[in-house]
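In case you want the letters, here they are:
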Amino acid sequence: ETGVTQTPRHLVMGMTNKKSLKCEQHLGHNAMYWYKQSAKKPLELMFVYSLEERVENNSVPSRFSPECPNSSHLFLHLHTLQPEDSALYLCASSRGPGTQYFGPGTRLTVL
Amino acid sequence: DAKTTQPNSMESNEEEPVHLPCNHSTISGTDYIHWYRQLPSQGPEYVIHGLTSNVNNRMASLAIAEDRKSSTLILHRATLRDAAVYYCILSEGAQKLVFGQGTRLTINP
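Here the protein sequences line up with chains A and B, keeping their order.
Read in order, the letters of the first sequence correspond to residues 1 to 111 in the working numbering.
Read in order, the letters of the second sequence correspond to residues 112 to 220 in the working numbering.
Since the hints were derived computationally from the structure, they do not count as laboratory data.
Treat the hints with care, since some could be wrong.
[To be verified] Calculated lysine-lysine pairs in the DSS-like style (CA-CA distance at most 27 Å, straight line):
{"no.": "1", "chain 1": "B", "residue 1": "Lys207", "chain 2": "B", "residue 2": "Lys114"}
{"no.": "2", "chain 1": "A", "residue 1": "Lys40", "chain 2": "A", "residue 2": "Lys19"}
{"no.": "3", "chain 1": "B", "residue 1": "Lys114", "chain 2": "A", "residue 2": "Lys22"}
{"no.": "4", "chain 1": "A", "residue 1": "Lys41", "chain 2": "B", "residue 2": "Lys207"}
{"no.": "5", "chain 1": "A", "residue 1": "Lys22", "chain 2": "A", "residue 2": "Lys40"}
{"no.": "6", "chain 1": "A", "residue 1": "Lys41", "chain 2": "B", "residue 2": "Lys114"}
{"no.": "7", "chain 1": "B", "residue 1": "Lys207", "chain 2": "A", "residue 2": "Lys22"}
{"no.": "8", "chain 1": "A", "residue 1": "Lys41", "chain 2": "A", "residue 2": "Lys22"}
{"no.": "9", "chain 1": "A", "residue 1": "Lys40", "chain 2": "B", "residue 2": "Lys114"}
{"no.": "10", "chain 1": "A", "residue 1": "Lys41", "chain 2": "A", "residue 2": "Lys18"}
{"no.": "11", "chain 1": "B", "residue 1": "Lys180", "chain 2": "B", "residue 2": "Lys207"}
{"no.": "12", "chain 1": "B", "residue 1": "Lys180", "chain 2": "A", "residue 2": "Lys41"}
{"no.": "13", "chain 1": "A", "residue 1": "Lys19", "chain 2": "A", "residue 2": "Lys41"}
{"no.": "14", "chain 1": "B", "residue 1": "Lys114", "chain 2": "B", "residue 2": "Lys180"}
[To be verified] Listed next, the stretches of chain A that the computed footprint assigns to chain B, with coverage defined by at least 3 CB atoms under 8 Å from CB atoms of chain B:
{"no.": "15", "region": "45-57"}
{"no.": "16", "region": "95-107"}
Quick reminder that beta carbons are idealized off the backbone N, C-alpha and C, glycines included.
Take the sequences, apply the hints, and build the full model.
Spelled out as structure tokens, the structure:
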């Protein structure tokens, strides 16, 4: 399934940098998600957007700021991250509560 | 969401069937059983889901116990490309998926 794309695929940033992760879905879905996958830990749901409105925020620190300008695009803005934020960040989309389709992820390293 | 229990790892041989178990003794009547898998260096991908009856699709079969407290994902003829981490997830709808550690499946040539 190549309907969900993420850019960049790899990102290295310093703790004082500001960067953004981008996700785009070409499947006509109306819900989008951000997950975090740290080494040796299960995927953690971060944010859920349904019809471009945030419907879930799982106690994520404010240094992560999501944005969903339309149903096809989802961003994760990063600011003053910590080394422990290094992880694989995965985007997914679905049609309502249907099956989720995942992108390949962005491998983030915070120095 | 109800919790699931899966073996940490399993190993099988190429071209043989693989049965991946999942226990979910606290499943509620409205919980669907979802299976996703994550191949190396990729995001998770949907495999199959079911509620009460056994399900088949082009990727796998899902056998659900009559009391719904356990289920088994069946890969009928494993290939090397089936090596992945397999996740069994319970959810009322697929919108909120809570991933556990999953089962790491190794396929021997």
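Verification of the hints:
1. B/Lys207 x B/Lys114: Given that 27 Å is the threshold and the Cα spacing comes to 13 Å, the pair holds.
2. A/Lys40 x A/Lys19: 25 Å, holds
3. B/Lys114 x A/Lys22: 32 Å, violated
4. A/Lys41 x B/Lys207: Answer holds: A/Lys41 to B/Lys207 is near 18 Å, not above 27 Å.
5. A/Lys22 x A/Lys40: 25 Å, holds
6. A/Lys41 x B/Lys114: Answer holds: A/Lys41 to B/Lys114 is near 16 Å, not above 27 Å.
7. B/Lys207 x A/Lys22: 21 Å, holds
8. A/Lys41 x A/Lys22: 23 Å, holds
9. A/Lys40 x B/Lys114: OK: A/Lys40 and B/Lys114 at ~19 Å, within 27 Å.
10. A/Lys41 x A/Lys18: At roughly 25 Å apart (the allowed maximum being 27 Å), A/Lys18 and A/Lys41 satisfy the hint.
11. B/Lys180 x B/Lys207: OK: B/Lys180 and B/Lys207 at ~20 Å, within 27 Å.
12. B/Lys180 x A/Lys41: Since the Cα atoms of B/Lys180 and A/Lys41 sit roughly 25 Å apart, the hinted pair holds (cutoff 27 Å).
13. A/Lys19 x A/Lys41: 24 Å, holds
14. B/Lys114 x B/Lys180: Cα-Cα ~11 Å, so holds.
15. 45-57: Check passed, 4 qualifying residues.
16. 95-107: The restraint on the region 95-107 of chain A holds, since 10 of its residues have a Cβ under 8 Å from chain B and three suffice.
Checked against the numbered hints given earlier, the structure breaks only hint 3 and satisfies all the rest.
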